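These protein sequences, in sequence, are chains Y and W.
So the mapping is simple: my numbering equals the position in the first sequence, first residue as 1, plus 3.
So the mapping is simple: my numbering equals the position in the second sequence, first residue as 1, plus 43.
Hint data in this document are derived by calculation from the structure and do not stem from the laboratory.
Keep in mind that this is a model prediction, so the values were computed, not measured.
Do not rely on the hints blindly, as some may be mistaken.
[Unchecked claim] Short derived list, chain W residues pointing at chain Y, Cβ under 10 Å:
no., residue
1, A297
2, V299
3, A398
4, L476
5, G477
6, I478
7, T536
8, G547
9, L556
10, A565
11, M571
12, L606
13, R619
14, T842
Idealized CB from N, CA, C, for every residue including glycine.
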Amino acid sequence: MADLSGLKERVREIRNEILSSSGALESSRAAYEKRKEFLDSKKGKIGQLMKEMREVPAEQRAEYGQMVNELKQWAAQRFEEIDRSMKEKELAIRCRAEAIDVTEPAVKALPGRLHPVTQVREELIDVFASMGFEVYEGREIETEYYNFTALNTPQDHPARDMQDTFYLSPEFLLRTQTSAGQIHVMETKRPPIKILSPGRVFRSDDDATHSPMFHQMEGLVVDRHITLGDLKGMLDTFVKKMYGEDAVTRLRPSYFPFTEPSVEVDVSCFACGGKGCALCKGTGWIEVLGAGIVNRRVLENCGIDPEEYSGLAFGIGLERIAMLKYGIGNIKLLFESDLQVLNQIGDQE
Amino acid sequence: MLAPLSWLKDFVDIDVTPEELQEKLFSCGFEVEELRELGAEVSGVVTGLVESCEPIPDTHLYVCRVNAGAHGVFQVCCGADNVAAGRKFPLALVGAQVIETARDHVTVIGTAKITKGKLRGYDSEGMLCSGTELGVTEDMYPGAGYNGLLELPEDAEPGADVKPILGLDDWIFDIAVTANRPDCQSILGIAREVAAVLGKKLRMPALDYTETDVRSDGFDVSVEAPELCPRYIGHYVYDVRIAGSPAWMRRRLALVGHSAISNIVDITNYVLTEIGQPMHAFDSRYLRGNRIVVRRAAKGEKIVTLDEKEFVLNDQNLVICDGEGPVALAGIMGGLHSGIREDTESVVFEAACFARDNIRRTSRALGQSSDSSAAFSRGIYEYTAELGMRRALHLIEELGAGKISATHEDKSAGCLPKSRSMEASLEKICGVLGIAVPEREIIRILTDLDMKPELQGDRLTIQIPPYREDMEAYPDIAEEIIRMYGYDHVESTFLREAQVTMGGRNPRQKTELKLKRMLCAAGACECMHYSFFSPSDLELLALPEEAPERRAIGIVNPINEDLSLMRTTLIPQMIRAISRNQKKATLEGRLFEMANRFEPKNLPLSEYPEEKPALAIGIWGEQESFFTLKGLTETVADTLLLHFSYEPAGRSFLHPGRSARILCEGEEVGCLGQLAYPIGEETDMRVPAYLAELDLDRISKWYGKPARFRPLPKFPEEKRDLALVMEKNVRCGEVEEVIRSACRFVTDVRLFDVYEGLPIPPSMKSMAFTVTFTPEEEAFGADTVDGYVNKILKKLKFTMGIELRS
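Next comes chain W alone, as it looks inside the complex (with noise of 0.2 Å):
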């Protein structure tokens, strides 16, 4: 919202300086976003009266006499068109700063600074400026857009600042409203704010006008969808004259970024911006059978708005129409031909209050908007509908654009723009604030913001001004009493009456960090990706048709296919953060995420889908292998204090000889392996990525598995190695199993060396395993251990065929 100092001063007076203004503003709950001084870049300009002015001969030059009063009489060189001796003009003194423009007068490229100059040997002690050259605008100041010296009144005293002559001793205020307070979205509500936190009388804006006693015969306005429309105004102006507007508000809407039109849509737009009220101003003429119908949009209704494009309607859309069919698209623009033309004689004002999530849905669905939607959708009251249309009825008046007819329709549909009475206990405001504000700061407070407060003991009655549609409760009042009394009133507690609870992470918080943690220590970094991915994503695994990943949640309004999908799984987002990080040189890594997989119970959604943790890993480099992702994985099941064990089973995504399903207690709880070789390509890998997927949802019930201190051996161990031999396709686990389950005195049974070669014969390998042996109740006996090697011995060779190498 942007608010210049001078507008708000209309309404309120305002001794503070801008600084401290923008300070009370800030405490009260309005952040001047920015702070601008309309003429910051310009100093040192002075009233310039030119006492004699020669041409330079043979150039387009003129050397000038100067009077600038008490700063001296100056030498200037000047090649405007317009200068002449006895009109006086902006001097650039030396030392001054202006804004520079390029060769064509008019293209701004920054400041510059006014030194002492010679042109064709004659000496220039500043410089006689243009509108451009001092920030100012056609709009903002009459003859400021001539490209050439911009003439002050005659009255300017030479050497008098030329600030304040041109207005641009002023200041805008760019101010954010929050979403409660769309009252304050225009001048005359900022100005409430202002007057309330200065404890100042806030002046109205004149609302007053003639009505003359013409009338617009037959003319009438039905409102047929109120519940779209609480409030719809209507009033006939005629003897309308279209002219320019008058340089003070041609100035107040180039401040805040309007363009001077017309005054009839000049006056709209002051309206709008000083009283919040969004108007509309019809062509009487083309207003077919002299009437307006609020009503819903039929299907397929079209209409052509101002700017030329046509939309196809529906029942959600709310049309402005006249006898025969639309004329507006209400609260966001005027239809192409009821507009105001040149030779407009007699208007039609609108003023109204339209439901604002309509105007916004409208807006957005159509992708139409305006100043006007802008403010329908941040809300507009009923009581501001009534003082949007007497204020622009008194400027028409004023401007004397017009006269007001005795024509008014006033169609409302239910509760009436008054003021409402709130009661609420002192006790209990106070006691949303944990601090007693006295009383007489509780009535100055609500006194200065017009709610008229009264007292009985505990008792709080204020009256809710009109345009306050926001305060609903006492912890309002409580809201309003202490942005003006001050946050910094509120004094620290800390739950003085509240009961003791006990704090901390749930089990399965504490294990999930756990993991992270373990994970990290393993030299893994913990990354984030989007719980979105893209249907290419799905794609690049080239998943089976039936596989349950396929199954995914869309977004119906993503911000691009790319973030269409929740996820399924954590994999291909892992593939494609590996692949970023090859490309950028990093060649060997690990990386984890914990996060959410969505899996929809029904499509489309009917109930919550199931959100399932998942922890993927991805690693990559010459120094990885299957093996080196096979202790993360062991990491978890370490850190968990779970036993996994790995059965070959390829995915679509992985290398079908180097991957695995991980297993626990017999249930399948993920999977891991190299990343296939078409996806490396795909991917533009260049060294092998290895990737691991596990199913923390299922793994949870698992977690919080007691560890417990098992005694150490009383007597002690024996170890022996075996070499065996057996056919290539026997698996280690295989052999393993058959090891433990053959002694029940085996503790730990490790691999430590695969040969394959002379003089094993060509289909078999050789694997070598230290087997530990751990009594219980007795020391073993000389031979005991020979005995059980024996008979483990004897099982491999009878289950498996397997043999000791010889």
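This is chain Y alone, in the form it adopts within the complex (with noise of 0.2 Å):
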């Protein structure tokens, strides 16, 4: 038979030895070999005091037991502690070593970008389709009639001379205008219309601020009783949500063969508000597009009585929207390709 007192000192001992033992750890796994000596179920030290039990006498296990146990979870106890401050040490020796230069350059996702024209023309595709406009995209190569006798523009007019058009036969020619597309759609549709054309359209010129070919954006609206006062209303409506709340609509007037009364739509200056600047020269205005009520011939023209029906077009130029947008100074910088150019302008798709 074992001595309880004799047992009750080895307790004592192997609870100093953890005692001291355990300051003197380094890392986690010194500390998990250090439980294991003590807290392994076989071989541990703590295990071995358990088998001693059958050594004490039979009224003294429970006190035996007790004593043990209560060792036992005081040792585990000790050595979570251990290990989580362990850890906790070691975790920050890790990410002390870990640390970087958070100045150092970013690593970018190089995502490509939509051409700036692109991404003015479904801007304005959102706005206007979100008032019931449908997008017809017409032909790039048109007749002489459908660009310019049914639009209204006559025989005579300086529009059609050879310098501004691009031929391709007699009777075919690279459409000037998107306005081409509306003669197909008023043709073929009866009202209520309410379209949009955007488009590459082609005039002979070739400066700095001319390219021969740029995009337009034509809208047509033909239902009964449209007036001058829709076409203002519409356009603030687009002016506002393509350049903010505050932005406000000037209309003066103008000529188109196909329109009349016709107008150029100027547009509070968003650079400055209309106090005057650079971009607006001083102005407070920005000119962004010609519009009119539709000339009651075009209607004619296709078959739609302008006794009962009415309408409203405007033309919208989307380099000029695009290059006042961006401040690109040359149009030539849009049909480059240049990449640095390319990449600089406008979201991220």
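Using the hints, build the complex out of the two chains.
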């Protein structure tokens, strides 16, 4: 029979041993080994104590058992604390070692971008689609009839001159305006009509501010009782969505063969808000589009009764809007495909 | 259109500032592109009376005492040869600004501020000025062209500002006139608008003259081409004395950019500017047969114009002839021989109305233009011809340049120039505008525009003046009213009575936008190239003779040969774009373009050609390869939920061993590959480039394939790696195809390694695939998949002689 007091002594010794040795531990790995030394279910020193139970007289076994169990619980808790603090310490060391210079340059994903003209085009389509406009992309090669005659551009109008228009044959030409598509729509569709015609147009101009190819977006509404007020209202909505709630429009008289009355539409300068700056050349206004009430003859040419229906139309130069929006000075930059240019303009997709 | 304020004031009392007038004109449709103050660069210059003038010894200089009235008396040194006591000259006071000239006293180099100075020991307070130093030319003020001091009139008050004396207190309006208002291409036309917008009366220019009873016997005008010449007026003027024009006329012509020549020629330019009517004067001695015939030129007929250029004409050109042949190119320029000379004694004045498109076409075709042809191209009304002639004859008389005979020939082909009456409903007019303009405003505006409105209930009647041929229907009246009433009165409404419509992109537009966005996400930037390209672009591709791309539509009048063909492929411009980027040291990048290719159904065009959308992709850089490009074409396939397959196939512009045609459901839809080396060399590529072109027109029939959810496998998938040994020429795609076809549970076959070298025999290679098997109704049993693998291996061996690597 073992001496209970001797066993008690061993319990105390083990306890002291744990206390003294655990202070010198240097890693969670060492702590784990040390824990095993005492708490391994088979070979651990505390486990060994449990085995001594058989040697303890029966009436003292309960007391002994409780004593060893207490030791075991205490040791488990003790090692858990050690483990936690070791891990904390190790994590701190690791993080310190892994510290980086956050001011070094970023590593970016390099998505491409939509062309500035596409960006503007899609933005405008979104605005007008929400007002009920469908998108109709007409032909780039048109006939003289659709590009001019049907649009009330008389035979002797300067716009028909060879200088402005690219001809492919006496009859076929490259459209000089997206308005040409209007006629096709009005010939086949009855009012109410609300269409938006974006696309490439061509004019025989080539200098710093003109490109022989550029983009227009034509809007056309044909219904009953369309007025100049509707035109202004629609364009007001457009500029507010495009340039913010404070943007306002100004109409001023102009001339296009296919509208009467015709107006130029200016928007309050989005750079200075109308006070006058370099962008708006001190006027406070920026010319953004031409518009008007559809000429009665144009409706007649399409078999729409001008006594019953009226229409409004507007035409926007997309390059102009893009150039103003992004501060691009030379239209040629848009067609040179220079990645140094394309990569810095507008939203990434 | 240049309009001096002083000239406008002949016809309207202008009581607003030039800036206010600019604003008013702008609001009623006439944008003033430039408003220039004549004497803007000159300030602080007053009339100076030279009281004494002593030479400074041993110099060309004089020291003068100059009396500047209230400004004081100053000592000024001066070197001009015409300085003398008792005369008056412009004196620039200390602090004044004048125009600075070079040493020649003629060349303008800027402006200068006058400071106190010392010349040869003499104080000089101010500067006596020449015309050039004040920006005044001989035509603007007689004597101003003298290279010395500008002498002022005796009655000039010492100390008085010189600007009013020299006419420098004037403003020039440069006004943009829209194409529908040719009547405003004149001082009188602008004055009419000014009068209307200011609510003032218009004073017409003096048009009266006295005809003598002298006639030019037998003089006759006949118009044989009335469709090109609706009106022709000829008037005979005799006892002509060719001389210089008076100062006031020379000044006005100078302000609008005409140099003075002689009284008769100056009168034609003056009338053109003031009334808008081009005039011509023939020396009647050289009108053979004493007659004028207006007709189409005969084919091959020749004329030498005033500027000594010879033109060969055809029946599309209108000519003014005498009894024997052409003496002027109608509306464009007179002939060399019938022009005004110093000894001209009698002239025939011409004021005509020619068809504007004909003048423009002839002018363009011959490459010959003038102020006159520009005016006719914009449009001249019959009314103007008559007005112009009367004004010219008045001026002849006023200038004493000749006597007005009774020989007056007026040939008018049709409608006579008088007012037309137009009726319209007030309700309809306001219906266009969307606002009810007060009736009294409507009456006021139309009265100001000289349209004599009368209103009875809803019915408005107006008289359209003969110079307003642009007025056709009630929307024109609406426009006249609103431009004068003010567009700021228009109230914003939002299609109050219109029906609701559904808007948005159609499925094709949505798909194309989605494709663009996906390509952007894959790192490609969208670019745009012209729809036309160069024959050399086609040559660049080294296409075979029969290639369809060679059948391109030509532009009849291209800007230059490089922009002369409608493109049949997007590839060449993409190659050039890559090359440009590489030249600018952008040595890697990805671009794409989505645009139409043009395919004629017949040439020359007699029906609409096909416009087929295509997608070109171009990538370059050391990191790129055929397979990174294939990744982009696969992005297209994935976006559209399509399966593309690839077959090796060369194109003339691609690397023969690294190019493929792209197939979708067995149909060819495009090609891709590495740029052929010779083309890379020709375009100075520094790093390899890869190109793809897809026919979106063909692919579009599969747009909108619906995405379907496939239930996740209920039972675990199994994967097996198979390393296979095969002949080197066997392609990955073929092996994949056999593996897939051998077992229906195969859902994925993925190449993960290719190996050549020992211990594989030299003519062979090893390809390793991961094959995924997906169970359907029940889980695979323990040996099921091994059975499938065996089946696959058997089929590979049987069909292709491929074996498992041992």
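What hint numbers does the structure not satisfy? Hints 1, 2 and 14 contradicted; others consistent.
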